[in-house]
Amino acid sequence: MTSQAGSTPRVALVTGTSSGIGAAVVEYFCEQGYQVLAVDFNAAGKVAADAAGAAFFQADLTDPQACRDAVNDAVRRFGSVDILVNNAGIQHVETIEAFPEEKWRNIIDLMLTAPFLLSQAAWPYMRKAGWGRIINIASIHAQVASPGKAAYVSAKHGLIGLTKTAALEGGEQGITANTICPAYVKTPLVDNQIADQAKLNGMDEQEVIEKIMLKNAAIKRLIDPSEVAQMVAYLASDAAGAVTGSSWNIDLGWTAH
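At position 203 of the sequence shown the residue is numbered 203 (the UniProt record's numbering), and the sequence of numbers has no breaks.
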């Protein structure tokens with residue numbers, strides 16, 4: 001739980017924390033005694049942060065300066081950043097032909113450029129400490145594709161490349177970088193996708209869950225955010241010190257085919 005032999009709690013910066021995976025990660029870290037900065041675009045994220053015992057920083061991470069400001073706020077409050085969990089994400093479902101350019105840029109900025117900028121800003125503090133964990137929350141769509149998700153799939157594929165590069169550059173400095181690739185997690189983002197997919201495919205929402213989201217799954221259910229948080233906890237621990245550059249599937253058997 002501590003970043004060195006003494007009793008100083010480790011400092012974690014987590015993005016996309018108002019609900020779902022991010023909220024579950026913040027809650028776990030706080031329970032374990034970490035100092036946590038929860039970062040979210042939505043001001044309502046402060047409610048979840050307060051309930052968990054975390055500090056809160058409101059930011060639009062599509063703004064490069066906001067990424068740097070988030071790291072600076074964690075350093076101002078806690079003195080460093082030991083763990084970075086890049087989780088913030090959005091989704092837009094549309095065919096390539098009809099995909100709005102503005103939506104494309106917004107998704108890439110939030111889900112690929114922001115993790116790069118946050119990692120870049122946190123890197124000097126991790127290097128100085130000789131210990132750091134970068135954990136990128138991707139998706140099974142970092143490894144496979146689905147129709148209607150050009151920007152999302154592109155950003156998540158890119159996140160794996162960023163993770164591998166960070167792992168190679170950080171190894172000798174005590175910094176590890178890993179990616180978690182969940183299938184569909186029961187979050188508000190997925191709830192919105194269900195509605196969008198229903199409209200795109202002319203189905204009702206239950207059909208979307210059964211015929212699209214769980215079609216390739218061996219385990220026929222959605223994933224609970226706490227299950228992803230437990231994987232984050234492992235990768236953030238000392239026990240995972242030899243684990244870097246890897247992609248960890250929590251995919252209900254999706255890619256076993």
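Hints are supplied without guarantee of correctness; some may be wrong.
[To be verified] Simulated restraints, written as ranges between beta carbons of each label pair:
hint: 1; residue 1: D50; residue 2: P188; range: 30 to 36 Å
hint: 2; residue 1: D204; residue 2: E97; range: 20 to 26 Å
hint: 3; residue 1: T255; residue 2: S226; range: 28 to 34 Å
[Claimed, not checked] Here are the computed lysine-lysine pairs in the DSS-like style, where the Cα-Cα straight-line distance is at most 25 Å:
hint: 4; residue 1: K186; residue 2: K215
hint: 5; residue 1: K215; residue 2: K199
hint: 6; residue 1: K199; residue 2: K186
hint: 7; residue 1: K211; residue 2: K186
hint: 8; residue 1: K220; residue 2: K199
hint: 9; residue 1: K103; residue 2: K199
hint: 10; residue 1: K103; residue 2: K186
hint: 11; residue 1: K211; residue 2: K199
hint: 12; residue 1: K220; residue 2: K164
hint: 13; residue 1: K164; residue 2: K128
hint: 14; residue 1: K186; residue 2: K46
To be clear, the hints were calculated from the coordinates, so they are not data collected in a lab.
Ideal Cβ placement from N, Cα and C applies to all residues, glycine included.
Hint check, failures only: 1, 3, 12
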